[in-house]
Amino acid sequence: MLTDPIDEKLVELAVSGDSDAFGEIVTRWERKIFALCFGMLGREDEARDAAQETFISAYRNISNFRGEAKVSSWLHRIAVNQCLTVKRRTRTRSEDFLDVGTAEDERVFVAPAHRSPARVTEKTERLTLVRQAVSSLPVDLRQVIVMKEFEEMTFQEISDTLELPLSTVKSRVYSALRQLRMKLERVPIEIS
Amino acid sequence: MNNVLSPKCKLSTDILSYMYGELPAAECSTFEAHLLDCGDCTDEFAAISIARYEVYDWKKTQFDPLETPVFGIPTPARAMTTGASWIDTLRNAYNHSWAVPGFALAGLAIISAFAVMFYYPGGTGSDIAKVNSNVSPVAEPIPLAANKASTVPSLIAKDTVEEQTPQPRKTVHASSVRSAHKLNVRPARRSLPPRAVEAAATRTPQRGVPRLNEFAEDEDTSLRLAQLFEDIDTSD
Chain P
1 MLTDPIDEKL
11 VELAVSGDSD
21 AFGEIVTRWE
31 RKIFALCFGM
41 LGREDEARDA
51 AQETFISAYR
61 NISNFRGEAK
71 VSSWLHRIAV
81 NQCLTVKRRT
91 RTRSEDFLDV
101 GTAEDERVFV
111 APAHRSPARV
121 TEKTERLTLV
131 RQAVSSLPVD
141 LRQVIVMKEF
151 EEMTFQEISD
161 TLELPLSTVK
171 SRVYSALRQL
181 RMKLERVPIE
191 IS
Chain W
1001 MNNVLSPKCK
1011 LSTDILSYMY
1021 GELPAAECST
1031 FEAHLLDCGD
1041 CTDEFAAISI
1051 ARYEVYDWKK
1061 TQFDPLETPV
1071 FGIPTPARAM
1081 TTGASWIDTL
1091 RNAYNHSWAV
1101 PGFALAGLAI
1111 ISAFAVMFYY
1121 PGGTGSDIAK
1131 VNSNVSPVAE
1141 PIPLAANKAS
1151 TVPSLIAKDT
1161 VEEQTPQPRK
1171 TVHASSVRSA
1181 HKLNVRPARR
1191 SLPPRAVEAA
1201 ATRTPQRGVP
1211 RLNEFAEDED
1221 TSLRLAQLFE
1231 DIDTSD
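Chains P and W, in that order, are what the protein sequence lines are.
In terms of the working numbering, the first sequence is residues 1 to 192.
In terms of the working numbering, the second sequence is residues 1001 to 1236.
Chain W extracted, bound-state conformation (with noise of 0.2 angstroms):
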């Protein structure tokens, strides 16, 4: 503390402390005794109270009148206490700043799993895109077919399983199923097993979506590749 008063003045930093009661008592009575013999550091000590206690009256007079605010600071833990509402408790959970990126998180991972679930290929979706391996058999022997000549295998769609009466098809984009029109080939007609004409009338036709062939899903292609192949004459 710089000492403005005479150097002589070795007791001027203890002026402070003893103003504030914060002088040990011996050099109390030490600071006391100098006061009374040294007239500069009595005028100091004056100047420094007359300061100090302008600022204690200050305070006493228009701050220690003043009523302690009273500060209220919701927490969740005191919402759930007092029995709030679930909206409420959502409110109050969605205000913690975890809240937004967990449900995002949790949005995430729910489409992902939907998307997993939907185009995993050992799940049930894509149903367009997958052949159904669930076909039985057919029971009944497939007829055979007009021209015994032809050697293309026939891959006209046949009945379609939505369509139990006989109605003119749809083109095939297979080039060979075209081949097999030319070849007036008349495409066999069979009753379907029940579980396929169960899981047929539960689907929907879809337009315009491309197939990759025109018979129905629940065809047992092998059948008919065995009995082409029966016809197909290989004496000379």
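Isolated chain P (complex conformation) (with noise of 0.2 angstroms):
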């Protein structure tokens, strides 16, 4: 990946002090590490909550980044602990730990708002490049991404609709993720 030695730049300039670098990675990998949230817990704010969570964290840890991993993959990790960790809480979470850290250089790394021009404008385009991508996988396993995301259905119930064995329908579902997390990939690059 293209993005990978600045990203490790990035972090090199963080851990020497620079506020700003780290909000760049914050920028970067936002909605990645949110997605991953929203996989791992399946509901919106819970998944804000934890990606919210992932980056203070990272942010509070990122002299303990050694550079033998990726930063993908170190985010990916405290992620996944952060979500185990709203997993294991009760539903009436403690404002108290978001309302904590509102210093200055704790809220450098703070998501820019979600209603401003540009960000309209990438959500449209990145909208318009999901329904083409999902057009343009093949028709078997197109028809069963849509049947699980759109309609909702389980794996068992896909399968007994189109008459396929479990594992067929994992393995559908599984390889159109891909492909389609291959082709969103691959425009990032070709704007940058």
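These are calculated hints, taken from the structure and not from any lab test.
Careful, some of the hints might be misleading.
Beta-carbon label-pair distances, calculated as ranges [as the list claims (entries may be wrong)]:
| no. | chain 1 | residue 1 | chain 2 | residue 2 | range |
| --- | --- | --- | --- | --- | --- |
| 1 | P | Glu185 | W | Glu1027 | 21 to 31 angstroms |
| 2 | P | Pro117 | W | Glu1027 | 38 to 48 angstroms |
| 3 | P | Val139 | W | Thr1068 | 22 to 32 angstroms |
| 4 | W | Leu1036 | P | Pro117 | 38 to 48 angstroms |
| 5 | W | Thr1030 | P | Thr27 | 26 to 36 angstroms |
| 6 | P | Ser16 | W | Phe1063 | 39 to 49 angstroms |
| 7 | W | Thr1068 | P | Asp160 | 46 to 56 angstroms |
| 8 | P | Arg89 | W | Glu1027 | 15 to 25 angstroms |
Since the model is a prediction, treat every value here as computed from it, not as a measurement.
For every residue, glycine included, the Cβ atom is placed at its ideal position computed from N, Cα and C.
Relying on the hints, combine the two individually framed chains into one complex.
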């Protein structure tokens, strides 16, 4: 990946005290970490909280990053931990943890407002890309993805409907998500 | 499912089930513990989650806000209950798949019934082709023929029921009738029974229709033959 060296460089800068560098890391990985948390928790509000706590934890432990793994892997692991922590908590979380850290240095890497024009345009373009990517999938893969995501069917229900083995259904969903991932990853590199 | 990760990760197949919340609780704990230890599985899980969230976000943003369209399917029963006119009812009935063949069969049946009634020998139709058997015998005796020597049965058509006044008759198709004309046989006049007159009055002449004989269909030919036989002089 072209962005990997830059990420590690940013981490080095962040370790040296450059808050803007860590902010750039947050901007680059916030959506992906959020998606990972959503995949772990299944709810947007909990995923948002878990992602927030992930970056907070990463900023606090950035000095422990030794460069042995990729920045993405490092962030992923932190996110998984946070998600598991959220899962073990009770539904009524304490807001004190989120209120803490309003210091200026911690607010630097808080994600910017979601309603900025740039964000809206970016979101519109991304939705268009997702629709095109899904449409470009083979029919058998597109079918299971739509049934899974739009109709919210279980794997067993899809298996019964399409009269396919359960393992085949899971394999097709997995292949579809992998292909989507590759198609969507290709776009940011081309733009830059 | 193909394991794109290290073959050592036996739990990579549980990524999807865990992500969609379909993994049993006991296996969830095992998988979560594995994620903490296996970086490859964690990265793979993140990659799959990103793609999955993009599709989820697309659905939530562009599909969920759409209102569910209302599909109105008109049915014949619905039209009848709302008090539709008989034209609408007939139109709705005609829209059924069985309507056209059903109406066709009904039409054929009606036509067949009419055809049977018209052409059946015991029916009332085709008066021209049949001899009217409802003729009652003539009450008054038939006058003798002018030429007693004539042995040819007179098949000359007498006064037609339509012609109450003596008028020259039309030619008859039977050859014997022609020969009878040559023998100068005077046609006998007689009055027809009222029943025959009434039936004849309602009958309209058909021009150009060939007739087997010239005399009226009400005539009693048996009497005429008997009369003729009486005239035959068998004495030597």
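Among all the numbered hints in the text so far, which are the ones the structure does not match?
Of the numbered hints given earlier, the structure breaks just one, which is hint 7.
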